[in-house]
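Enquirer: Using the sequences provided together with the hints, build the complete structure.
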Amino acid sequence: MNKNRPVNLDLATIKLPITAYVSILHRVSGVILFAGVAILLCMLDASLESEESFAALKEGLQNPIYQFLIWGTLAALAYHMIAGVRHLIMDCGIGESLEGGQLGAKIALVVAVVLIILAGVWVW
Amino acid sequence: MVTAVTSFGRSGLYDWMIQRVSAIAMAAYTVFLVGFILCTPDLGYEQWKELYSQLWMRIFSLITLLSLAAHAWIGLWAVLTDYLTNRMMGAKATVLRVLAQVVLGVVTVTYTVWGIEILWGF
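Residue numbers (this note's numbering), protein chains in the order written: chain R, 3 to 126; chain C, -11 to 110.
Since the hints were made in silico from the structure, they are not lab data.
What you are looking at is a predicted structure, and each value in this text was computed from that prediction instead of being measured.
Each residue gets a CB set at the ideal place from its N, CA and C atoms; glycine is no exception.
It is possible that some hints are incorrect.
Just a sample of chain R residues kept apart from chain C, beta carbon distances all over 12 angstroms, derived [said to hold, decoys possible]:
(1) Thr21
(2) Arg29
(3) Gly32
(4) Ile84
(5) Gln104
(6) Ile119
Rough simulated footprint, nothing fancy, chain R against chain C, three-plus residues with beta-carbon under 8 angstroms [what the hints assert, rightly or not]:
(7) 34 to 46
(8) 49 to 63
(9) 98 to 105
Partial pick of chain R residues on the chain C-facing surface, computed with a CB cut under 8 angstroms [stated by the list, open to error]:
(10) Gly86
(11) Ile118
(12) Leu120
Expert: Here you go:
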């Protein structure tokens, strides 16, 4: 195959629609989440190891740096999950039209923002 | 050009299906765990330990952990094959991508083994 075939679709020259932003954020949140799993596993480990480590974890949750890291992970999780549910709904044939896709993207963004704020309230 | 050799299920359809089944498992686990913590205001160590001592909870957690490994591999493969391409990075892209996949694969296995140790090690 010719390696120098012309590329028809140069994404860098196209103004992205809202659905594209929702999609790229889904990827970004997924990559962040992959790193965040280390934090979640650390917390699970500390929470189960002993009564002392459980108490130490609770104490550590007052630390703003930990709070921010946990909130970041929960925010990525919330967004990734909502965007994923949107995919599943579209797999069922709902909201597959252009308008439906745009509306779904907007709903997903709003729900995710609400969940991310709630996650912040929960952590702080 | 065959680029699917490093995909998880060796076919797009398998990956598509695994991605969705694993997503549902992880979503169920997330909703359950967040619900449990929110519905237990003064959650103490004893209650928490009691929950994770149950066999069903360990199985639920293990399913989530294995789902995570498969889901992350498929997702990261999709991202890497889209951005670490010859068009974007030149001829070294494939070497770079496979290297990145090896590193991420090691991290994924580490997460899985670490998780199993946590679940059965307390």
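Enquirer: None of the hints should be skipped; say for each whether it holds.
Expert: Hint check:
no.	hint	verdict
1	Thr21	holds (17 angstroms)
2	Arg29	violated (6 angstroms)
3	Gly32	violated (5 angstroms)
4	Ile84	violated (10 angstroms)
5	Gln104	holds (23 angstroms)
6	Ile119	holds (15 angstroms)
7	34 to 46	holds (count 3)
8	49 to 63	holds (count 3)
9	98 to 105	holds (count 3)
10	Gly86	holds (5 angstroms)
11	Ile118	violated (14 angstroms)
12	Leu120	violated (10 angstroms)
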